[in-house]
Amino acid sequence: MDYCDVAEALVRHAASSEDCPTVGNPLLCDEIAAHPRLHGTWAILPPQTDELGAPEEFLARMKEHGIPALWTFPDKHRYILTASLFGGLFDLLTEKQIPLFMPISANSGGVSGWMLADYVLRDFPKLTLIVTNHGSWGQDRYFRGLIESYENFHIDTSRHELDGGIADFCKKYGPDRILYGSNYPFTNMGGPLLALAHADISDSDREAIAGGNLRRLLGRVTL
Amino acid sequence: MTDNSPLVREFMEKGRSESCPIIDTHAHFGPFQGIYFPTVTAEDMIATMDRCGVQKLVFSSHASLIDPRRGNPISREACAKYPDRLYAYWSINPNYPELIPDDLAKFEHEPHFVGFKFLASYQKYPITGDNYTPVYEYANAHRCIILSHTWGGNSFCGPVQVEEVVKKYPDMTFLMGHSLSGAWDDAFRIANDYPNAYLELCGICHHGGVIERMCEVVGSHKITFGTDLPWFDPHYGMGCVLFSHITDEDIHNILHRNAERLFGWQ
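Chains as they are written, first to last, in this note's numbering: chain A, 1 to 223; chain B, 1 to 266.
These are calculated hints, taken from the structure and not from any lab test.
Do not take every clue at face value.
Unchecked claim - Below, in silico cross-link-like pairs of lysine-lysine (DSS-like), each with a Cα-Cα straight-line distance of 27 Å or less:
# : chain 1 : residue 1 : chain 2 : residue 2
1 : A       : 126       : A       : 76
2 : B       : 14        : A       : 172
3 : B       : 14        : A       : 171
4 : A       : 171       : A       : 126
5 : B       : 106       : B       : 168
6 : B       : 124       : B       : 106
Computed from a predicted model, the values in this text were never measured in an experiment.
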């Protein structure tokens, strides 16, 4: 982050996806405790198995540990991302405006990627959902309809490599729905950094994508 | 920002560098079925190159990858509009071997074309197949450059196939497009073992640590830069190179010097 001049980062522990969230979530708190520039996120599990507690208990622990956002890995943790499993939790996330991050690779019972995002948002249209790492091929044909349909749907820049893509998107939709992301250490931090630094957009749009949008989303969370 | 060189800082501040003019060795041109492109014309391409400090770019039009008879003239037309900035690869479709003698005869008299482009995995024909033989023999005899899509685990253009052709035709230069993505150890070994085999960064430079590893195991003198433009913003790939933990000499080698040497643009 120092090398790339990144001031703060919203991070998750690798164990929150590669191991069980019951392992990864506490590990994260331990490991970032001494690093105030790192802000933690946790992964979710279906409330019915009680591994992370009832939704209200889970959110109380998020508040206790200063966790403002969550991730979902339905295929890795073997659940489906439906209202029957997550209705109570997602109603609370919507009410408290807690962002939920989902990698584009997420697969829920055979429904994946943008289709999965659309399924989730059909049931929870006000949920703040951020789809990340959407891959190097330009994806606008997939996600622009979601942008238009769901006011709290966002994408990130970690693999937003399309030439002129950020500028073209901002020209039509404005800058508010894109968040700077690097997917570091899986992905080189410098690519999305230089691409955003010199995208053909206004400085105010650039500042929004670089950090303003995420700060706004986190600022409205009420734990 | 800490510990960055003046070169990196110059790119961050200006988006380009006078002392480090980029050469893009792997690009395309025109519409493509699978992607919405905001920048699709030759004018758009030049504007992007100017924005990013790309001095020269070598491409194969998307149309040429499907139908070389229609697409190579499209490449020629774009190059003719911007000589000294745009150069093209002559695309070969091995599924139509009867056209290849004519391809080679035309290539000889085409000043805008500086090499050949293979896309074997999309065309479902292995780069080791007999239909490619006349092209290899021509390229080997004339010390030409071939840019081939290569990918780890692919039976049309994977490590086994790449090694077979670079070994058999040592006088051609073979750019391993995408550096056998995922089969890094094979790519590094081939680049080390065969002087005519080069790594190429298009579409793979985002992988955390891969550029550092290439420089460490193979050396930056065997790496060229590519963007698939109009697919990828050159700044994305350039940022991956610039913010890897490599030297300024490595950066110069990757972003322009190796291509200048290979294409004779020194």
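Now the hints, each set against the structure:
1. A:126 - A:76: Judged against 27 Å, a Cα distance of about 25 Å means the pair holds.
2. B:14 - A:172: holds (26 Å)
3. B:14 - A:171: holds (22 Å)
4. A:171 - A:126: Roughly 24 Å between the alpha carbons, so the hint for residue 171 (chain A) and residue 126 (chain A) holds.
5. B:106 - B:168: Roughly 25 Å between the alpha carbons, so the hint for residue 106 (chain B) and residue 168 (chain B) holds.
6. B:124 - B:106: holds (25 Å)
Violated hints are absent here; each numbered hint is respected by the structure.
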